[in-house]
Amino acid sequence: MLCSTRQSALRRPFQVAHSTVETRYGGLGALSIIETDSHSRFELDVAGFHADELSIDLEDGHLVVSGSHRETDGRETPIYSERQSLGFRRILRLDKKLDVATVRAELADGVLTLMVARKPDAERRHIEIRNSETVV
Amino acid sequence: MNLSSLENSFQLFSNLVGDLVPDTDDHARPELTIFDHEDRYVIECDLPGVPLDDISLEVHNGVLEISGERKKPELLEGALVRYDERVWSHFQRRIKLDKSVDSTSITADYNNGVLVVTAPRFKDTLPRKVTIRTSKTVS
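In order, the protein sequence lines correspond to chains A and B. Be aware that the first sequence starts at 1, since it is given in my numbering, and climbs by one per residue. Be aware that the second sequence starts at 1, since it is given in my numbering, and climbs by one per residue.
Honestly, the hints are just simulated from the structure, not real lab data. A virtual CB, placed ideally from N, CA and C, is assigned to each residue, including glycine. One or more hints might be untrue.
Stated by the list, open to error - Under the rule of at most 30 Å between Cα atoms (straight-line distance), these lysine-lysine pairs were calculated in the DSSO-like manner:
id	chain 1	residue 1	chain 2	residue 2
1	B	Lys-99	B	Lys-123
2	B	Lys-96	B	Lys-123
3	B	Lys-129	B	Lys-99
4	B	Lys-99	B	Lys-71
5	A	Lys-97	A	Lys-119
6	B	Lys-123	A	Lys-97
7	A	Lys-96	A	Lys-119
8	A	Lys-119	B	Lys-72
9	A	Lys-96	B	Lys-129
Unchecked claim - On the chain B side, residues computed to face chain A include the following (Cβ under 7 Å):
id	residue
10	Glu-31
11	Ile-34
12	Pro-48
13	Glu-77
14	Gly-78
15	Leu-80
16	Val-81
17	Tyr-83
18	Asp-84
19	Glu-85
20	Thr-107
21	Ala-108
22	Asp-109
23	Val-114
Unchecked claim - Simulated DEER-style distance windows between Cβ atoms:
id	chain 1	residue 1	chain 2	residue 2	range
24	A	Ile-127	B	Gly-78	18 to 24 Å
25	A	Ser-55	B	Asp-109	53 to 59 Å
26	B	Gly-62	A	Met-115	43 to 49 Å
Please construct the entire structure, taking both the sequences and the accompanying hints into account.
See below:
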């Protein structure tokens, strides 16, 4: 739907400026996931959103992240806009090894970062290799 | 935004501000939103997570150019990018300004990952009320 709108726009007088749909800049809600031994980090692009316009909920092991601009914003209608939507919703399935009780979120420069710690790995333990000389 | 309103926006945009100048294909194009206030245009460019030092804003020959680079952040040792939808590259947008814009008075702010460029119009291009004289007032 979004692509067809853009492709129709190709026939408009601004054809060249919009000719390469696939090089759009990630867009609202674009996601990166970074993992370390101790936690997983989810980063979402949410340019223009204030903290009170964003919502994060835990539902059945999923993180539901959504945002919508306040209707009382008082902003005028733009004469031109490439923004695809005034809101977004992303559902992130959390690995069972993540501890959902540890989720914390930060918003800075239009990027929402969610950090979730890994549970202590009960099944993994280090086993020391004994030298044959030490085995009785 | 449906197609008809998009087309209307393009027409308005063409009439009031001027054309978007073609960009080269090797740059990403961050999204633009343009507002028309009576005394100024406000151009918003979505640049989430881009440090101010990596954003360049220039006006040359009546063309406003927003450019820079969104760099991949350096990862700590042991970290791994498991999934990535975001675009990390040079970006550029160019907008031909209308002749009513006073390019020497353009200002810009960066808030919540959005670059907000304010382009005031020359005062003598603003609408003004003209008093209609009657034959009684003309000496």
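Okay, the hints, checked on the actual structure:
Restraint check: the Cα-Cα separation between B/Lys-99 and B/Lys-123 comes to about 12 Å, which is no more than 30 Å; the hinted pair holds. The straight-line distance between the Cα atoms of B/Lys-96 and B/Lys-123 is roughly 20 Å, inside the 30 Å bound, and the hint therefore holds. Between B/Lys-129 and B/Lys-99 the alpha-carbon distance is near 21 Å, which keeps this suggested pair within the 30 Å criterion. For the proposed pair B/Lys-99 and B/Lys-71, the alpha carbon gap of about 35 Å is over 30 Å, so the pair is violated.
Simply put, A/Lys-97 and A/Lys-119 have alpha-carbon atoms about 6 Å apart, close enough for the 30 Å limit, and the pair holds. Our distance criterion of 30 Å between C-alpha atoms is broken by B/Lys-123 and A/Lys-97, whose separation comes to about 63 Å. Of the supplied pair hints, the one linking A/Lys-96 and A/Lys-119 holds, its CA atoms being roughly 9 Å apart against a limit of 30 Å. A threshold of 30 Å between alpha carbons decides the hint, and for A/Lys-119 with B/Lys-72 the separation of about 28 Å falls inside it, so the pair holds.
With a C-alpha separation of about 69 Å, the suggested pairing of A/Lys-96 with B/Lys-129 is violated against the 30 Å cut-off. Hint status for B/Glu-31 relative to chain A: holds, with the closest Cβ pair at about 4 Å, below 7 Å. Given the 7 Å rule on beta carbons, the hint for B/Ile-34 holds: about 4 Å separates it from the nearest Cβ of chain A. Contact between B/Pro-48 and chain A, as hinted, is supported at the beta carbon level, the nearest pair being about 3 Å apart and thus within 7 Å.
Because the closest C-beta pair between B/Glu-77 and chain A is about 9 Å apart, greater than 7 Å, the hint is violated. The interface hint given for B/Gly-78 is met, as the beta carbon of that residue sits about 6 Å from the closest beta carbon of chain A, less than 7 Å. At its closest, the beta carbon of B/Leu-80 sits 5 Å from a beta carbon of chain A; the interface hint therefore holds under the 7 Å criterion. Nearest Cβ of chain A to the Cβ of B/Val-81: about 6 Å, under the 7 Å cut. The hint holds.
Using the Cβ-Cβ criterion of 7 Å, the hint placing B/Tyr-83 at the interface with chain A is satisfied: the shortest such distance is roughly 4 Å. For B/Asp-84, the interface hint holds, since its Cβ comes within 7 Å of a Cβ in chain A; the closest pair sits about 5 Å apart. A hinted interface residue such as B/Glu-85 counts as satisfied when its beta carbon comes closer than 7 Å to some beta carbon of chain A; here the least separation is about 4 Å, so the hint holds. Against a cut-off of 7 Å between C-beta atoms, the interface hint on B/Thr-107 is violated, since the closest Cβ of chain A lies about 18 Å away.
Hint status for B/Ala-108: violated, given a least beta-carbon distance of 15 Å to chain A, over 7 Å. With 7 Å as the threshold, the beta carbon of B/Asp-109 stays out of range of chain A, its nearest partner Cβ sitting at about 13 Å, so the hint is violated. This hint holds: B/Val-114 has a C-beta 5 Å from the nearest C-beta of chain A, less than the 7 Å allowed. Checked against the given bound of 18 to 24 Å, the beta carbons of A/Ile-127 and B/Gly-78, roughly 22 Å apart, stay inside it.
Our hint of 53 to 59 Å for A/Ser-55 and B/Asp-109 is violated, since their Cβ atoms are close to 26 Å apart. At roughly 46 Å, the beta-carbon separation of B/Gly-62 and A/Met-115 lies within the given 43 to 49 Å, and the hint holds.
Violated hints, in rising order: 4, 6, 9, 13, 20, 21, 22, 25; the structure is consistent with all others.
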